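Please build the complete structure, drawing on both the sequences and the hints.
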Amino acid sequence: MRKDVITYLMLSLLTAVFATSCSEESGHDPEAGGRTVAVDMVIATRATGTPEAAQADVEKIHTWWVAFVDKDGIVRRVESRDPLLTTYVEEERIEMNVPTGTYTLYAFANITPEALKAETGVEFIVGSTYPSAVETAGYTLVQHWASGTDLPMSGKQEVTVTGRTNEVFSIEVVRMLAKMEVKYSNESSKKITINSLKLSQSATDKVPLLPNYTYLESGWDTDVPCTARDYLRKYNELMAAAPVLDAYAGGTAKGYDDIFYVRESQANYNVTGRYLMAVNIMREGGHPEDLLFALTKDLRSIYRNDHVVIPIILSDYQVNLDVNFYPPIGGYPAVITEESQEGFYCKFGTEGDFEIYPKVEDTYNGYALLYGTGDPKFTYTISVSDPEGIFTTIPAVTPSGEMLGCIGNTPGKAYVDVEITVSRTGASDQIYDRRIYIIRS
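Position in the sequence shown (first residue = 1) + 791 = this note's numbering.
Hints should not be assumed to be uniformly reliable.
What the hints assert, rightly or not - For each label pair, taking beta carbons as the anchor points, the in silico distance ranges come out as:
| hint | residue 1 | residue 2 | range |
| --- | --- | --- | --- |
| 1 | G929 | D1021 | 21 to 27 Å |
| 2 | A1187 | L1161 | 50 to 56 Å |
| 3 | S1232 | L1195 | 19 to 25 Å |
| 4 | K1138 | P1190 | 26 to 32 Å |
| 5 | T1201 | E882 | 58 to 64 Å |
| 6 | T1216 | D1021 | 37 to 43 Å |
What the hints assert, rightly or not - The list that follows gives simulated cross-link-like pairs (lysine-lysine, DSSO-like), each with its CA atoms no further than 30 Å apart:
| hint | residue 1 | residue 2 |
| --- | --- | --- |
| 7 | K981 | K997 |
| 8 | K908 | K981 |
| 9 | K1045 | K974 |
| 10 | K982 | K947 |
| 11 | K1168 | K1045 |
| 12 | K1138 | K1045 |
For the record, the hints were derived by calculation from the structure and aren't laboratory data.
For clarity, every value in this text was computed on a predicted model and none was experimentally measured.
All C-beta atoms, glycine included, are put in the ideal place defined by N, C-alpha and C.
Right, dumping it as structure tokens:
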């Protein structure tokens, strides 16, 4: 099961324990269908593994309906919520009379049958063959999900109605959007206005109508090719004014939580295989500036109903990388470096030793931090990936803080993941991730 900051929903079937007579157990075949019996149905949306209650009404069930399809593919009934009930619930239980037999349930919440037909052409008509297109239908979800709009949900479950006493079955509906929670905190010496947030998101407006329960259980296939486009949240347009965080004065930093909902997507739209994010801020007395972030490499996909929490610490520190190259006599002396939202690139045209040294600058006080000593100070660790064998000496960190390695004659690309930790007395550590791409042309 996927864990960490992501919470998710999977299908479960709940049955009650009840007493039955020997004649009931041996005298009726539930597959045959037939006599009508009283049962209770529970429709719910909830998390398993790490239970988490919905924080807002839009994450709950407002309206719902369920189509019962028998083993011959015929729609036998469509059950829906009482229109007089307008409360938001995470679970609702109703009594009904259903012929015994095996059914596939197609459940929808916060999507009316009329809206489903208009969007997908799918319609469940009692007495008719079920619309098989429901299995592969797509559903349009706009990139900017309107605040206060109920989240659409869907689910599919096979149940067998046996006619036992006090029989209960359950169908769960899965939210079709993921929940993003960006938690800003200001640990800098100046007030900061947060102007906007930009992240790369799925380029398509359509997602599958029904959830893939294999993905819910074990994660999305990250080898599926995908494209993306930027999703921009301008805070002065979303609220009365952009949030302003007071300067850090010790203790708990001033913060702001931004919660919104996004379509499912994957991070393999770029060479880093990581989600990219840019936050535009303005420090007190300064000018707008972009801060670039590459999210954790463990977050390779965002699936429906995931809850992704992204902490962003705004500080006075600026992280840079210095590169020195020592090619042999007659080699090309230059190394081409470039920094982008995807990472830091070093392109070498010949073999030779190289040195990379992270630099951390305190932009408020105007000095550079020392490696491994002082208050504040910085340290770092690296992880090297060289699938094409371009290194003759694998990069390693020396006791004095340089990263040393050697490029050979084999063309190709490798990368080094760098995790830089800034430590200072009385404050939490600040961690910066950088990926350095090393290219031998």
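Hints and how they fare:
1. G929 - D1021: 21 to 27 Å: Because 22 Å falls inside the window, the suggested range holds.
2. A1187 - L1161: 50 to 56 Å: Distance hint for A1187, L1161 is violated at roughly 20 Å.
3. S1232 - L1195: 19 to 25 Å: At 21 Å between Cβs, range holds.
4. K1138 - P1190: 26 to 32 Å: holds (29 Å)
5. T1201 - E882: 58 to 64 Å: holds (60 Å)
6. T1216 - D1021: 37 to 43 Å: Given a distance of about 39 Å, which is inside 37 to 43 Å, the answer is holds.
7. K981 - K997: violated (42 Å)
8. K908 - K981: violated (53 Å)
9. K1045 - K974: holds (11 Å)
10. K982 - K947: Not satisfied, since the Cα-Cα distance of roughly 50 Å exceeds 30 Å.
11. K1168 - K1045: Holds: K1168 and K1045 sit about 23 Å apart, inside 30 Å.
12. K1138 - K1045: Since the Cα atoms of K1138 and K1045 sit roughly 41 Å apart, the hinted pair is violated (cutoff 30 Å).
Of the hints listed earlier, those the structure fails to meet are numbers 2, 7, 8, 10, 12, in rising order.
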